[in-house]
Structure formats: C-alpha cells, structure tokens
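Asks: Each chain, letter by letter, is given below.
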Amino acid sequence: DAGITQSPRHKVTETGTPVTLRCHQTENHRYMYWYRQDPGHGLRLIHYSYGVKDTDKGEVSDGYSVSRSKTEDFLLTLESATSSQTSVYFCATKLAVSADTQYFGPGTRLTVL
Amino acid sequence: GENVEQHPSTLSVQEGDSAVIKCTYSDSASNYFPWYKQELGKRPQLIIDIRSNVGEKKDQRIAVTLNKTAKHFSLHITETQPEDSAVYFCAAHFGNEKLTFGTGTRLTIIP
Numbered sequence: 007d008a009g010i011t012q013s014p015r016h017k018v019t020e021t022g023t024p025v026t027l028r029c030h031q032t033e034n035h036r037y038m039y040w041y042r043q044d045p046g047h048g049l050r051l052i053h054y055s056y057g058v059k060d061t062d063k064g065e066v067s068d069g070y071s072v073s074r075s076k077t078e079d080f081l082l083t084l085e086s087a088t089s090s091q092t093s094v095y096f097c098a099t100k101l102a103v104s105a106d107t108q109y110f111g112p113g114t115r116l117t118v119l
Numbered sequence: 021g022e023n024v025e026q027h028p029s030t031l032s033v034q035e036g037d038s039a040v041i042k043c044t045y046s047d048s049a050s051n052y053f054p055w056y057k058q059e060l061g062k063r064p065q066l067i068i069d070i071r072s073n074v075g076e077k078k079d080q081r082i083a084v085t086l087n088k089t090a091k092h093f094s095l096h097i098t099e100t101q102p103e104d105s106a107v108y109f110c111a112a113h114f115g116n117e118k119l120t121f122g123t124g125t126r127l128t129i130i131p
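Sequence order for the protein chains is A and B.
The numbering of the first sequence is the working numbering, which starts it at 7 and goes up by one.
The numbering of the second sequence is the working numbering, which starts it at 21 and goes up by one.
Just so you know, these hints were derived from the structure itself, not from any lab.
Keep in mind that a hint or two might mislead.
[Claimed, not checked] Interface residues of chain A toward chain B, partial, derived using beta-carbon atoms under 7 angstroms:
id	residue
1	24
2	25
3	44
4	70
5	86
6	103
7	112
8	113
Model, not experiment: these values are computed from the prediction.
Beta carbons: idealized from backbone N, C-alpha and C, even for Gly.
With the hints as constraints, model all of the structure from the sequences given.
Replies: Written out as structure tokens, the structure is:
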C-alpha cells in the first residue's frame, strides 16, 4: 500500500465550514493525487501534484484547493464545504513520471450537513 | 476530453463461471491500462495491468486483453470464487501523469 495514510478517516461537518484532509506517504513518491468517489461516477481526479509546490487541476477541481510543501504530505482543502462535496476521498501516489502504478490510501469519508 | 466507458455496471455470475468486464477509451495515445479491485469499505487495489505494446496478459485466474485498433480492453476472470465479489474499475493513462477511471462494475459471485 506504499505506506499511504489519510487523516481524518471520517469527518462530519456543516455547510460553509472549511475542511482540510491530509495524505501522508513514506515512500518518497513524486506524484500524489486526490480523487473523490461517488456512486455511478467511479473515481474522479480533483487535483494532483508532480512535486513539491507543483500542482495541477483535475476534472472536478472547483471548490477545492491543494498544497504540497513537503514530498510526503499532500493537503486537500474545501474552503467552504457544500453538501455536494459529501463523498469518499482517496489519495493516491505514484513513484515517478516513468512509473505506471498508482497506489491508493485508505480513504476519508466526508459528510457535509 | 479523456473518457473511459465501462460495462456492465453490475454483473452476477455463478461460482465457477467466468466473468468479463469491458472498457472503451477515447484517446488513441493512451498506453497503459490498469484494473483495480475494490472490496466494500476498502481502498482500490491494482490486480492487473497492460501496456499498449501487449495484446494480452494473464495472472492465474485473471487476464486482460487489449484491442488498440478498436480502443477497448477487457478483464476476464475464470473459475470465479466468492472472494472475487467486489467493484472493479478499469482506467486508462492519458499522458504520463493522469489516469481516467471507468465508472465501475459491481461483480457478485453467486454460491
């Protein structure tokens, strides 16, 4: 599982509050990704990082921001949570641009009331 | 944009029979196609993958086939067992950095 942890594992929050999810990896992988998983939609990419301070948007980036100040940590922030952001969030990592496999973290279940 | 379609969305098969899940992709430049298995409440885990220079790959009871001309690839599970029950996702690499996933197939093995 490439030594990937996510925190918190579960969170319930209210509409309009800020939320930050953390992904931590111990494998020195260059690439890190944030996905959301919703029924009928599979896994959709929110943002990804290809190095410290290097990030790019995915297909569903609106309402989300990310930061990566260290190789091992990738933070996902919902500035003002909405009910449509209720989902399961997965972090994934990949060793390098030449590598293929993405390894997933255990996921964070977020409920926005 | 990049698109991966996956069918069927649900599949039930008798234990011991075979299961086939199919995916199509939009970008002819895609060169890497992984399959992930996700058990209930767990993380997706890679079970098999194939690169575009190979037409078929096998690993025990699972195999993946790729038809580059038609832009589709399939997962085959033979001699299915109860522990094969899970959601399966196909994906395709677009560029070298990102994967686009299909919407998943819920496979149920009937004892």
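Asks: Would the hint on residue 44(A) be counted as holding, given a Cβ-Cβ threshold of 7 angstroms to chain B?
Replies: Not OK, violated: residue 44(A) not within 7 angstroms of chain B, min 10 angstroms.
Asks: Was the hint right that residue 24(A) lines chain B, CB cutoff 7 angstroms?
Replies: violated, 26 angstroms
Asks: Do the numbers back the hint for residue 25(A), that is, is its least Cβ distance to chain B under 7 angstroms?
Replies: For residue 25(A), the interface hint is violated, since the closest Cβ of chain B sits about 20 angstroms away, which is over 7 angstroms.
Asks: Can you verify the interface hint for residue 103(A): is its Cβ closer than 7 angstroms to any Cβ in chain B?
Replies: Cβ of residue 103(A) sits 5 angstroms from chain B, so the hint holds.
Asks: With chain B as the partner, please determine if residue 112(A) meets the hint condition of a C-beta pair closer than 7 angstroms.
Replies: holds, 5 angstroms
Asks: Can residue 86(A) be said to touch chain B, with a Cβ gap under 7 angstroms?
Replies: violated, 27 angstroms
Asks: Does the interface hint hold: is residue 113(A) within less than 7 angstroms of chain B, judged Cβ to Cβ?
Replies: With a minimum Cβ separation of about 6 angstroms from chain B (threshold 7 angstroms), the hint on residue 113(A) holds.
Asks: A closest beta-carbon separation below 7 angstroms is what the hint needs, so does residue 70(A) meet it against chain B?
Replies: For residue 70(A), the interface hint is violated, since the closest Cβ of chain B sits about 16 angstroms away, which is over 7 angstroms.
Checked against the numbered hints listed earlier, the structure breaks hints 1, 2, 3, 4 and 5; every other hint is satisfied.
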